[in-house]
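**Q** Chain residues, written in single-letter form:
Number of protein chains: 2
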Amino acid sequence: MILCDIGNTTIDWEIHGEYSKQSVENFAPVFYTEMIYYICVNAKLLTYISTLKNWIDITQYIEWKKYYPTMGIDRIMVCEAISNGVIVDAGSAVTVDVMREGHYEGGYIALGLRSAQEAYAKLSPALAWPFNFEVDLTIMAKNTPDAITIGYLAPLIDKIKSLGNPIIVTGGDSKVFSSFLGDAIVDNHLVFKGMKKLIEKGQLC
Amino acid sequence: MILCDIGNTTIDWEIHGEYSKQSVENFAPVFYTEMIYYICVNAKLLTYISTLKNWIDITQYIEWKKYYPTMGIDRIMVCEAISNGVIVDAGSAVTVDVMREGHYEGGYIALGLRSAQEAYAKLSPALAWPFNFEVDLTIMAKNTPDAITIGYLAPLIDKIKSLGNPIIVTGGDSKVFSSFLGDAIVDNHLVFKGMKKLIEKGQLC
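Residue numbers (numbering that gives the first Met the number 0), protein chains in the order written: chain A, 0 to 204; chain B, 0 to 204.
Extracted from the complex, chain A is given alone in its bound form (with noise of 0.2 Å):
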């Protein structure tokens, strides 16, 4: 099976069971023959790719009414993927959604890394240190690095805790928001499992 989780930059990739990535630059969707699966947030490929009658796009599958109209396709898929649990996907933003047996509870978005970063660095000169991942989240902090680290990840790190087991992380800062939440599982491929589960359930109907 090819799945295909199309960007607004990059390209995410399963082929038979391998993973990769490619830039949206050096994407060519005409050259393949096979049949693929994909998602896609990027309009104007969109557009494109509809036409091509061996891609399949799986947002058809989708029952709307468990979700909301304006939330993200890959949130959606990520909440695909697990019938139970809180999932954080800790990318630009990071989304959190709470499923319980199948059943979307709701989520919500704050800032990712990179972006709360800058908007430090936005505010004043004086605040534009790098995080500390060493710091310790529940003490109050005494330098300016420690507070800002303190700042964007203890009560963002409270409340995913606060919202119940089991925590399954994924995204590109998967790696920093699991070390402080304990037994969170990490997967990075969640995404691609949730689409999995999709075509299964879509198949079936």
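Hint data in this document are derived by calculation from the structure and do not stem from the laboratory. Keep in mind that a hint or two might mislead.
Which copy is meant is left open, so a pair is good if it fits within one copy or across any two.
Unchecked claim - In silico BS3-like pairs for lysine-lysine, Cα to Cα no more than 25 Å straight-line:
no., residue 1, residue 2
1, K52, K195
2, K121, K192
3, K192, K141
4, K200, K52
5, K174, K43
Once you've looked at the hints, dock chain B against the given chain A.
**A** Positioned in the frame of chain A, the structure of chain B alone reads:
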């Protein structure tokens, strides 16, 4: 007593108990003949004002070992104002500091409302929504404006509440923050209160 809080863009005054504000551009310190106690984060103005004999820089009275060297002067002033409590200064950044029996326990720095909102909008046009301050922070969101409002505010509010009582809120966004903080006390003149306490201490020494 005349107190002056000199920022990078705005000057805040307390003149014999009356509060006022002016822009840095219209500020002419040499025309004042009375004694003025001030704090100043504006490096350019500081160089000039420090040559004027009737302008008294009260940072000379700060007991620095209680705090830390890169801590903002405004933050130290709000801490000087409160001997026991959690102090939230909700401005361009949101600083949270804990004082217990006159001892500084530490604190942290989160992004301010406007800064967070700008960072969401920069991440994606899909996240460029105004915050919804009517939202219930205890639930999970099922629409985008609520998802970003809860994502920014709920972790921060929960963390502040976890630090104990009393909570004292100051700064330009004190209304919004206090509306989510139950019995919090709002005091928009906390910097001046701290300045006065510090002056009294300095004169006793």
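**Q** Now tell me if each hint is right for this structure.
**A** Status of the hints after comparison with the structure:
1. With identical chains, the CA atoms of K52 and K195 are at most 25 Å apart within one copy only, with a shortest distance of 19 Å there and 75 Å across copies.
2. For the identical chains of this complex, K121 and K192 are neighbours neither inside a copy (37 Å) nor across copies (29 Å), given an alpha-carbon limit of 25 Å.
3. With identical chains, the CA atoms of K192 and K141 are at most 25 Å apart between copies only, with a shortest distance of 23 Å across copies and 43 Å within one.
4. With identical chains, the CA atoms of K200 and K52 are at most 25 Å apart within one copy only, with a shortest distance of 21 Å there and 80 Å across copies.
5. Taking the closest pair of Cα atoms, K174 and K43 never come within 25 Å of each other, the shortest separation being 32 Å inside a single copy and 43 Å across copies.
In summary, the structure is inconsistent with hints 2, 5 from the numbered list given earlier, while agreeing with the others.
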